[in-house]
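Taken in order, these protein sequences are the chains called A and B. Residues in the first sequence are numbered consecutively from 1, following my numbering. Residues in the second sequence are numbered consecutively from 1, following my numbering.
In case anyone wonders, no lab produced these hints; they're calculated from the structure. The beta-carbon is built from N, C-alpha and C at its ideal position, and this holds for glycine as well. Some clues are possibly wrong.
[Claimed, not checked] Calculated lysine-lysine pairs in the DSBU-like style (CA-CA distance at most 30 Å, straight line):
| no. | chain 1 | residue 1 | chain 2 | residue 2 |
| --- | --- | --- | --- | --- |
| 1 | B | Lys87 | A | Lys369 |
| 2 | B | Lys120 | A | Lys162 |
| 3 | B | Lys119 | A | Lys162 |
| 4 | A | Lys207 | A | Lys272 |
| 5 | B | Lys119 | A | Lys207 |
| 6 | B | Lys207 | A | Lys87 |
| 7 | A | Lys233 | A | Lys312 |
| 8 | A | Lys207 | B | Lys122 |
| 9 | A | Lys87 | A | Lys41 |
| 10 | B | Lys349 | B | Lys239 |
| 11 | A | Lys256 | A | Lys177 |
| 12 | A | Lys199 | A | Lys367 |
[As the list claims (entries may be wrong)] Beyond 12 Å from chain A on every Cβ pair, some chain B residues (computed):
| no. | residue |
| --- | --- |
| 13 | Asp51 |
| 14 | Asp98 |
| 15 | Lys125 |
| 16 | Gly253 |
| 17 | Ser333 |
Protein chains: 2
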Amino acid sequence: MVKASVPCMNSGDKETSYGTCSLPQEIVLPKARPILEDTIKDMFSNVSSTDCIKVADLGCSSGPNTFMAISIVVDTFHEMCQQAQLKTSPEFQVFLNDLPENDFNNIFRSVASFTDRIKKGKGDKFGLCFVTGVPGSFYGRLFPNRSLHLVHSSYSVNWLSKACISFHVPDGIGNNKGSVYMAESSPPNVFKAHSRQFKEDFSTFLKLRSQEMIPGGRMVLTFNGRSNLYPSKQDDDWKLQLAKSLYDLVVEGIVKEADADSFNIPMYAPYKGELCEIIQKEDSFDLDKLEVVQINWGPRDVLTNEDFEFDKYQRGQKTANSVRAITEPMLASHFGEDILDKLFTGLAKYEAERLGYKLTSIVVSMKKK
Amino acid sequence: MVKASVPCMNSGDKETSYGTCSLPQEIVLPKARPILEDTIKDMFSNVSSTDCIKVADLGCSSGPNTFMAISIVVDTFHEMCQQAQLKTSPEFQVFLNDLPENDFNNIFRSVASFTDRIKKGKGDKFGLCFVTGVPGSFYGRLFPNRSLHLVHSSYSVNWLSKACISFHVPDGIGNNKGSVYMAESSPPNVFKAHSRQFKEDFSTFLKLRSQEMIPGGRMVLTFNGRSNLYPSKQDDDWKLQLAKSLYDLVVEGIVKEADADSFNIPMYAPYKGELCEIIQKEDSFDLDKLEVVQINWGPRDVLTNEDFEFDKYQRGQKTANSVRAITEPMLASHFGEDILDKLFTGLAKYEAERLGYKLTSIVVSMKKK
Numbered sequence: 001m002v003k004a005s006v007p008c009m010n011s012g013d014k015e016t017s018y019g020t021c022s023l024p025q026e027i028v029l030p031k032a033r034p035i036l037e038d039t040i041k042d043m044f045s046n047v048s049s050t051d052c053i054k055v056a057d058l059g060c061s062s063g064p065n066t067f068m069a070i071s072i073v074v075d076t077f078h079e080m081c082q083q084a085q086l087k088t089s090p091e092f093q094v095f096l097n098d099l100p101e102n103d104f105n106n107i108f109r110s111v112a113s114f115t116d117r118i119k120k121g122k123g124d125k126f127g128l129c130f131v132t133g134v135p136g137s138f139y140g141r142l143f144p145n146r147s148l149h150l151v152h153s154s155y156s157v158n159w160l161s162k163a164c165i166s167f168h169v170p171d172g173i174g175n176n177k178g179s180v181y182m183a184e185s186s187p188p189n190v191f192k193a194h195s196r197q198f199k200e201d202f203s204t205f206l207k208l209r210s211q212e213m214i215p216g217g218r219m220v221l222t223f224n225g226r227s228n229l230y231p232s233k234q235d236d237d238w239k240l241q242l243a244k245s246l247y248d249l250v251v252e253g254i255v256k257e258a259d260a261d262s263f264n265i266p267m268y269a270p271y272k273g274e275l276c277e278i279i280q281k282e283d284s285f286d287l288d289k290l291e292v293v294q295i296n297w298g299p300r301d302v303l304t305n306e307d308f309e310f311d312k313y314q315r316g317q318k319t320a321n322s323v324r325a326i327t328e329p330m331l332a333s334h335f336g337e338d339i340l341d342k343l344f345t346g347l348a349k350y351e352a353e354r355l356g357y358k359l360t361s362i363v364v365s366m367k368k369k
Numbered sequence: 001m002v003k004a005s006v007p008c009m010n011s012g013d014k015e016t017s018y019g020t021c022s023l024p025q026e027i028v029l030p031k032a033r034p035i036l037e038d039t040i041k042d043m044f045s046n047v048s049s050t051d052c053i054k055v056a057d058l059g060c061s062s063g064p065n066t067f068m069a070i071s072i073v074v075d076t077f078h079e080m081c082q083q084a085q086l087k088t089s090p091e092f093q094v095f096l097n098d099l100p101e102n103d104f105n106n107i108f109r110s111v112a113s114f115t116d117r118i119k120k121g122k123g124d125k126f127g128l129c130f131v132t133g134v135p136g137s138f139y140g141r142l143f144p145n146r147s148l149h150l151v152h153s154s155y156s157v158n159w160l161s162k163a164c165i166s167f168h169v170p171d172g173i174g175n176n177k178g179s180v181y182m183a184e185s186s187p188p189n190v191f192k193a194h195s196r197q198f199k200e201d202f203s204t205f206l207k208l209r210s211q212e213m214i215p216g217g218r219m220v221l222t223f224n225g226r227s228n229l230y231p232s233k234q235d236d237d238w239k240l241q242l243a244k245s246l247y248d249l250v251v252e253g254i255v256k257e258a259d260a261d262s263f264n265i266p267m268y269a270p271y272k273g274e275l276c277e278i279i280q281k282e283d284s285f286d287l288d289k290l291e292v293v294q295i296n297w298g299p300r301d302v303l304t305n306e307d308f309e310f311d312k313y314q315r316g317q318k319t320a321n322s323v324r325a326i327t328e329p330m331l332a333s334h335f336g337e338d339i340l341d342k343l344f345t346g347l348a349k350y351e352a353e354r355l356g357y358k359l360t361s362i363v364v365s366m367k368k369k
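Okay, chain A solo, but in the shape it has when bound:
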């Protein structure tokens, strides 16, 4: 485990590692896949005219999901080439991006098995796939002007740019005590501060990507979203339970109240209307498609074995492990490592009373003007 001053996931293959826990990226994919496929088919209706297709996956992380979106892109092209009875296909240059703290070494050691699988499944005549790593924040420029055909990102543009600096509460939301996020119980200024920051960040993101993409280029983004215009119980999730467990430690005197009050998870789950408005106002992209989908999120075993009877404490522990995979580095950075076991034992107890979450996801497909 690393302490992190930026959002990154637990690496490795422990019970609490990013790779071994059930992740929204994985669960949303069957629902987002048709949108990604349609976008590709629409963009490259004349597939033979492009020599090399340049695709970026932003916030790729490092785990079993890293190559998922890229696999869909490659599979879709293969299908298109077969349908068009082409003898060869374009080459691919794939840019996997994440913050420099991400475990790129782990990704790079899996590249050969990914490209071998393509060669084996699709034959030698299918275009070569060149995988590169791009370290850096997507709130800055990452690629040369007009160099990308397709950009994909899943659950990453939810992280606010301030996440690149600290996990402290932003200015103006000092009265969000008892919470670690924008919850239903938070005062209105907390919601406004998060919303304003997201608007600014996502506009910046769109502007930068529009510089990097070719005219007519496509972008498919998946967000963790809200089902209501204002934060509501319906969108309550693990962050609420985590706050409960954290403030239990304050009561026990293990965590200082000031430390808990100053901790904030720098994420924002937008409502669909907000996304439309920002995209329209920023004006670099035409919004092609927007779909709101509900997914169940919980431990991998619970989701994949619906009939399996879990002891509720075992289930709670597994959910806590999944949350730990995402949050451990940032919690360790703010509170130190010593409180973590207690914090997640507490979370497991709260989670034992729940059956996982219904998460709202929003998938958007855009076309560069």
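Once you've looked at the hints, dock chain B against the given chain A.
Chain B in isolation, oriented as in the chain A frame:
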């Protein structure tokens, strides 16, 4: 320290790490720099006509030398833009390549300080520099067709492709006992086997790069070379001393003779005539320039403080550390870690009797036809 089945360097900042030891790359640079600069100036005589300059550094490793060649490229362009009184300069996309076992995480965490230094030194109007990592062997394709302007590599194309498989002696050189490399004392078939393999590998390298580079693109390569047509005492270096120390351990019963006999460092130092012949025969590139330079190689302290009086055992130890930085992962892979301290203590004793080495380097500049 990692065990490696492929050539990679010791990471970290210990006494025996790649980063803290004196390296030929660093020493040869003042001599190779003018060739690299002239190549760039010649290629981009009309600098304003290119939007984005794509540069690859092959075998970039992970240490203080990683950004050295790229810095020269960027500096040279800056100078050209200033001379041409341009208000802006092209963007750069830099591809740092090495085997997937290389420590890319370490490189990626230094990218921001590299790009910040460019911005600070050259101002905001100087083109953005986008750094990416490309894992893979340069004896396979790494980049899309016709996508690179400039390729650089320093002391990496010396590694034979078989190095990507094992450190066992290649077929046909089973009688190179007592040596770990192609030495003066080796029988002729050892020289022939290495020479044949290099010819095959370097031809493959040229063919692949010619596919990846634009017509008129340039390539600057630095080799560890030979000063004579046949291996001679003049080119003896640390590999000979390492073999002595290794076979001492055989006599002591610490290393099995069969293990020592089957170990081979899969490198080849070509003679200038061989390089010319291979480049001409492969026929994708015009050879623009070839320079043979002699460099002194030894511990960093010895080289940078010529007047400093070293205890000869201290000097021997430092040289042994430098060799350990380059060879430890491959030795650990073949012999296990337990013999290493003894092996390098022995090497230090042999090195104490020497004053470092004169190494022959060959710098070539080529133009893609």
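Against the structure, the hints come out as follows:
no.: 1; hint: B:Lys87 / A:Lys369; in the structure: holds, 28 Å
no.: 2; hint: B:Lys120 / A:Lys162; in the structure: holds, 23 Å
no.: 3; hint: B:Lys119 / A:Lys162; in the structure: holds, 22 Å
no.: 4; hint: A:Lys207 / A:Lys272; in the structure: holds, 19 Å
no.: 5; hint: B:Lys119 / A:Lys207; in the structure: holds, 21 Å
no.: 6; hint: B:Lys207 / A:Lys87; in the structure: holds, 23 Å
no.: 7; hint: A:Lys233 / A:Lys312; in the structure: holds, 22 Å
no.: 8; hint: A:Lys207 / B:Lys122; in the structure: holds, 25 Å
no.: 9; hint: A:Lys87 / A:Lys41; in the structure: holds, 18 Å
no.: 10; hint: B:Lys349 / B:Lys239; in the structure: holds, 14 Å
no.: 11; hint: A:Lys256 / A:Lys177; in the structure: holds, 13 Å
no.: 12; hint: A:Lys199 / A:Lys367; in the structure: holds, 19 Å
no.: 13; hint: Asp51; in the structure: violated, 6 Å
no.: 14; hint: Asp98; in the structure: violated, 9 Å
no.: 15; hint: Lys125; in the structure: holds, 14 Å
no.: 16; hint: Gly253; in the structure: holds, 37 Å
no.: 17; hint: Ser333; in the structure: holds, 16 Å
Taken one by one, the earlier hints fail for this structure at numbers 13, 14, listed in ascending order.
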